[in-house]
Every structure is written in structure tokens, then in C-alpha cells.
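The listed protein sequences correspond, in order, to chains A and B. Take my numbering: the last position of the first sequence gets the number 110, and nothing is skipped along the way. Take my numbering: the last position of the second sequence gets the number 117, and nothing is skipped along the way.
No wet-lab data here; the hints were simulated from the structure. All values derive from a computational prediction rather than experimental measurement. Incorrect hints may have been included.
Listed next, the in silico EDC-like pairs over lysine to aspartate or glutamate satisfying Cα-Cα at most 20 Å (straight line) [as the list claims (entries may be wrong)]: (1) B:Lys-41 with A:Asp-82; (2) A:Lys-3 with B:Glu-59; (3) B:Lys-41 with A:Asp-11.
On the chain B side, residues computed to face chain A include the following (Cβ under 8 Å) [to be verified]: (4) Ser-18; (5) Lys-20; (6) Glu-22; (7) Ser-43; (8) Phe-91; (9) Ala-106; (10) Phe-108; (11) Gly-109; (12) Gly-111.
Computed from the model, here is a short list of chain A residues facing chain B with C-beta under 7 Å [claimed, not checked]: (13) Pro-44; (14) Tyr-46; (15) Gly-50; (16) Gln-97; (17) Phe-100; (18) Thr-102.
Just so it is clear, CB atoms sit at the ideal spot from N, CA and C, and this is done for glycine as well.
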Amino acid sequence: DAKTTQPPSMDCAEGRAANLPCNHSTISGNEYVYWYRQIHSQGPQYIIHGLKNNETNEMASLIITEDRKSSTLILPHATLRDTAVYYCIVIEVTGNQFYFGTGTSLTVIP
Amino acid sequence: GAVVSQHPSRVICKSGTSVKIECRSLDFQATTMFWYRQFPKQSLMLMATSNEGSKATYEQGVEKDKFLINHASLTLSTLTVTSAHPEDSSFYICSAPGRPFMNTEAFFGQGTRLTVV
Numbered sequence: 001d002a003k004t005t006q007p008p009s010m011d012c013a014e015g016r017a018a019n020l021p022c023n024h025s026t027i028s029g030n031e032y033v034y035w036y037r038q039i040h041s042q043g044p045q046y047i048i049h050g051l052k053n054n055e056t057n058e059m060a061s062l063i064i065t066e067d068r069k070s071s072t073l074i075l076p077h078a079t080l081r082d083t084a085v086y087y088c089i090v091i092e093v094t095g096n097q098f099y100f101g102t103g104t105s106l107t108v109i110p
Numbered sequence: 001g002a003v004v005s006q007h008p009s010r011v012i013c014k015s016g017t018s019v020k021i022e023c024r025s026l027d028f029q030a031t032t033m034f035w036y037r038q039f040p041k042q043s044l045m046l047m048a049t050s051n052e053g054s055k056a057t058y059e060q061g062v063e064k065d066k067f068l069i070n071h072a073s074l075t076l077s078t079l080t081v082t083s084a085h086p087e088d089s090s091f092y093i094c095s096a097p098g099r100p101f102m103n104t105e106a107f108f109g110q111g112t113r114l115t116v117v
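Next comes chain A alone, as it looks inside the complex:
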């Protein structure tokens, strides 16, 4: 599976948009981009995933560049409860075994 690179930490003001980048320059054509987050001492929570088109759901938006080498997770209006470690993972359809990178620790500041 492709390796991902994320900044180790980010801060965001409450109510503002949080934009979390992820580089996956070695992604292959059949690999999806998944985003999960983990709040302290809990299991990871699914946020969103996509292949090449931008995606939006009730939690977030996922913007994937045209060359698919990077993506950005957008939390449109960050709240204090969005403070967590966010993981970007690329994976093929089959298998579903996720190899987690180091993720980005997002702190939402009041």
C-alpha cells in the first residue's frame, strides 16, 4: 500500500475550517484515499473516502488533486470535539487491512 505523509500537528480556531493535507505520491490507480480520526483512547472513526473525485458527506469534504498525489480533508466548521488524530490511508479495494501512518494531531482552540 502507498505510503502517506501528513504534518504531525495542526491547530485550528473553533468555528473555522480545518484543512488537513496528505501526500500520497506513490498511489496507484486502484487505491482509494481513506480518512479516519481517533479521539483519545477510542477506536478509529471513519470520516470519508474517495478515489479521484471530490467527496462530501455530513462530516467533511475530501479534495483529491487531479494527479491523485495529494489530498486535503476539510472540516468546514471545526468544533472542540473535532480535536483528534487524523489518519490518511491509501488502500486497494480488496483486503481492507489498514496500515496507519503517524497521522496529524489536530487541536481545535476555543
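Dock chain B against chain A, hints included.
Just chain B now, with coordinates in the frame of chain A:
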């Protein structure tokens, strides 16, 4: 949506004893489940893949005789930490694909905090 449940959420055991952790898929069948371990301030590390009706496959460096995995049914996988030692203290998490071999998310359990004293 699909739910994966782990039990217990916390366990403290004495060094040298064994501990069993259960992972259940509550409203779907899972022929495959995955077990992860997470040490403080670190990311999740895949330990093994649990396969219903066959042997588990372990990641490199994970001792299969120490971490016994049994996937007895389509809704239950268990991880037994045998002869636990303090260095086995960690956060153990299981997951299952909601719809195998499709581009869907995996569902994670809430995790089990193991402390070996």
C-alpha cells in the same frame, strides 16, 4: 451503521497470566477481522489478520504463539495474549470490513486497554 464491539474495554492482569479479548461484528458477518496494537503516543500497528475457518496471518515481528487468534464464527474473533508481561500493556483494537472486497470503510471496535502488572 455497522458496529464492531470489543470486550472488555479495560483489563488489568498479573504478569504470566493470559487475557482474552473478544471482537464481535454486531449486525454483519465478517469473514476477516484485523487486530491492531497501539502504544502510548504512537500510531496503530497491524498485528494480524483473523480469517474465519482458517489460520490467522501475522505481520512480521508478531509472535503467533504469544498472540493467539481464533475466528470461530462469522461474527466473532478472539485475541488471547498468553503469558502476558508488562511490555504487552497496550491498547488493542480490532476492525472488520463492512462489505468485504468492496470500496467501503472498515469498522473499528472501541479498543481494549490492557495493563499487565
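Quiz item: Checking against the hints above, which ones are violated?
Solution: 4, 5, 6, 15
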